[in-house]
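Go by the hints and put chain B onto chain A.
Protein chains in written order, with the working numbering: chain A, 1 to 463; chain B, 464 to 532.
Among these hints, one or two may not hold up.
Said to hold, decoys possible - Derived BS3-like pairs: lysine-lysine, alpha-carbon spacing no greater than 25 Å straight-line:
{"id": "1", "chain 1": "A", "residue 1": "LYS391", "chain 2": "A", "residue 2": "LYS314"}
{"id": "2", "chain 1": "A", "residue 1": "LYS243", "chain 2": "B", "residue 2": "LYS495"}
{"id": "3", "chain 1": "A", "residue 1": "LYS243", "chain 2": "A", "residue 2": "LYS314"}
{"id": "4", "chain 1": "A", "residue 1": "LYS235", "chain 2": "B", "residue 2": "LYS495"}
{"id": "5", "chain 1": "A", "residue 1": "LYS131", "chain 2": "A", "residue 2": "LYS391"}
{"id": "6", "chain 1": "A", "residue 1": "LYS198", "chain 2": "A", "residue 2": "LYS243"}
Calculated from the structure, these hints are not laboratory results.
This is what each chain is made of:
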Amino acid sequence: MFRDPGSFRDPDSGILFAGNRVYRHFSADAASVFDDLTQKGLLAAFVESGWVIESTPVDRRDAPDVYAAAPNAALIVEHPRLPFISYPYEWPFEMLRQAALLQLEISLEALDAGFMLKDATPYNFQFVRGKPLLIDLGSFERYEEGAPWMAYTQFCKTFFNPLLMQAFTAMPFQPLLRSSLEGIDAAHLSSVLPLRRKFRRAVFLDVVLQASLNRRQTSSNAADGEERKVRPIPKEVIVGTLKRLRGAISSLKRRGGGSGWLDYEAQCPSYTPEAIEFKDHFVEDAVRVARPDMVWDLGCNFGRYSTIAGRHAKYVVAIDGDEPTVGAMYERAEVGDNVLPLVEDLLNPSPGQGWAHSERQSLESRGPADFALGLALVHHLAIAGNVPLTKIADWLSSVTRAGVVEFIPKADPMVQTLLRNRRDVFGDYSQDGFEAALGRHFEIKESVDIPASQRTLYRIERR
Amino acid sequence: MSLAFLYIDPTAGGIGLQILLTFLIGGFVTIKLMWARFLSFIPFLNGGKETTDDKPASATQVSAETGED
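For reference, chain A alone in the conformation it holds in the complex:
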């Protein structure tokens, strides 16, 4: 039994793990809100809509050990275990936008029924079956007449401002959100937004004016040093704010969406149609035989092989560093809903971070996968990223138990493109060198040359 290292900020609620089972504990206050939500039918409606995670109350007599682990708990519920936890700085624009809209919809419906969400952060959402899902039941509280929307600034910093930044400046939000877990400040965003964008109503009110009020509030607090009386805020102002943000976010579109990787499959000269068909069959057969619960498709591009793997695996995490491609993949209907697309630069994957480096887990610590696909990946790591083959094999062995990897020799046109403008310092980059590196950790169960190409596929299993 242990507590989720990322669930400690709310004294009224938190997550416990016991083996494969997941529990949420509530204080007496939070438990009474949970009971109200249940009695009014709101929780059931949210669960039915696929908006909020399922929860089953756990009787104290049936699980005394779980209650013992949370001595102040008045109520404990059990949640289904999610196959993979992802973070907003790993989502493309389209996924963060969808989570933001769901946060607003839930807030509006909850407010209508007399509840509010006391926080508004994308870390309270996970993507399940291709859609966002609110996992923090401890967020709900009763609405009190005249109370402001306390999570408004948090919503802006973690949802609205990152989306605005990408939509209006073409700067992807992921690198900034990864280093600033609390989000993007209104003043910082305001300083980089083009002037003409600042005259949009939501941008003016929720970014420019908020940044200005933040500064004024600070200086006036410093001047008088007295606690100010909080004036009552009519519910209509909160509803108006939620709807204004919903309207603004719905209309946002990514900027700078073009990426050469979107057309990679169609334009790659290394594969004939027969070679593609051969590779498809090899990958599909390997996954079918392995029947893995969890596949990681490393360097998934547009998700062709994630989709194939998804037919035989329970869950696929599809990882690529090209954000527009991952965003387009998320919206592709052909990709199964058991495929989770994530933006991740494998040369610099997500680290463990936040409080004590454990609040948000590293990519590696969320593994290992049962099976990994490393197709047309190794040459990028080795030649574009200067990572020696031995280190690539070491890393693969830490993230997966088995898989299919592809080796592409220097003579391949795509590797020649990588080498075109640089000195070839990759004397160790060879098929023999790759096999020797793999052999330190994996047994090569099968290797096949892809027809009409110089590429080789390996099916491997960790020793």
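Just chain B now, with coordinates in the frame of chain A:
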């Protein structure tokens, strides 16, 4: 820079904005109400219509007008 900036309440500006919107909407409703009363005193401006049934816009109506972007 003020020292208080180091201890900023992250919701201060957000609450300030909600208070500001409350005043703006309140002012808008008041002006609308006064305008309706003004019209009721000058029948020819009002096309001779009875104004006794005119109701001031509710805060919900006003917020709906100021809501969706």
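Which earlier hints can't be squared with this structure? Hints 1, 3 and 5 contradicted; others consistent.
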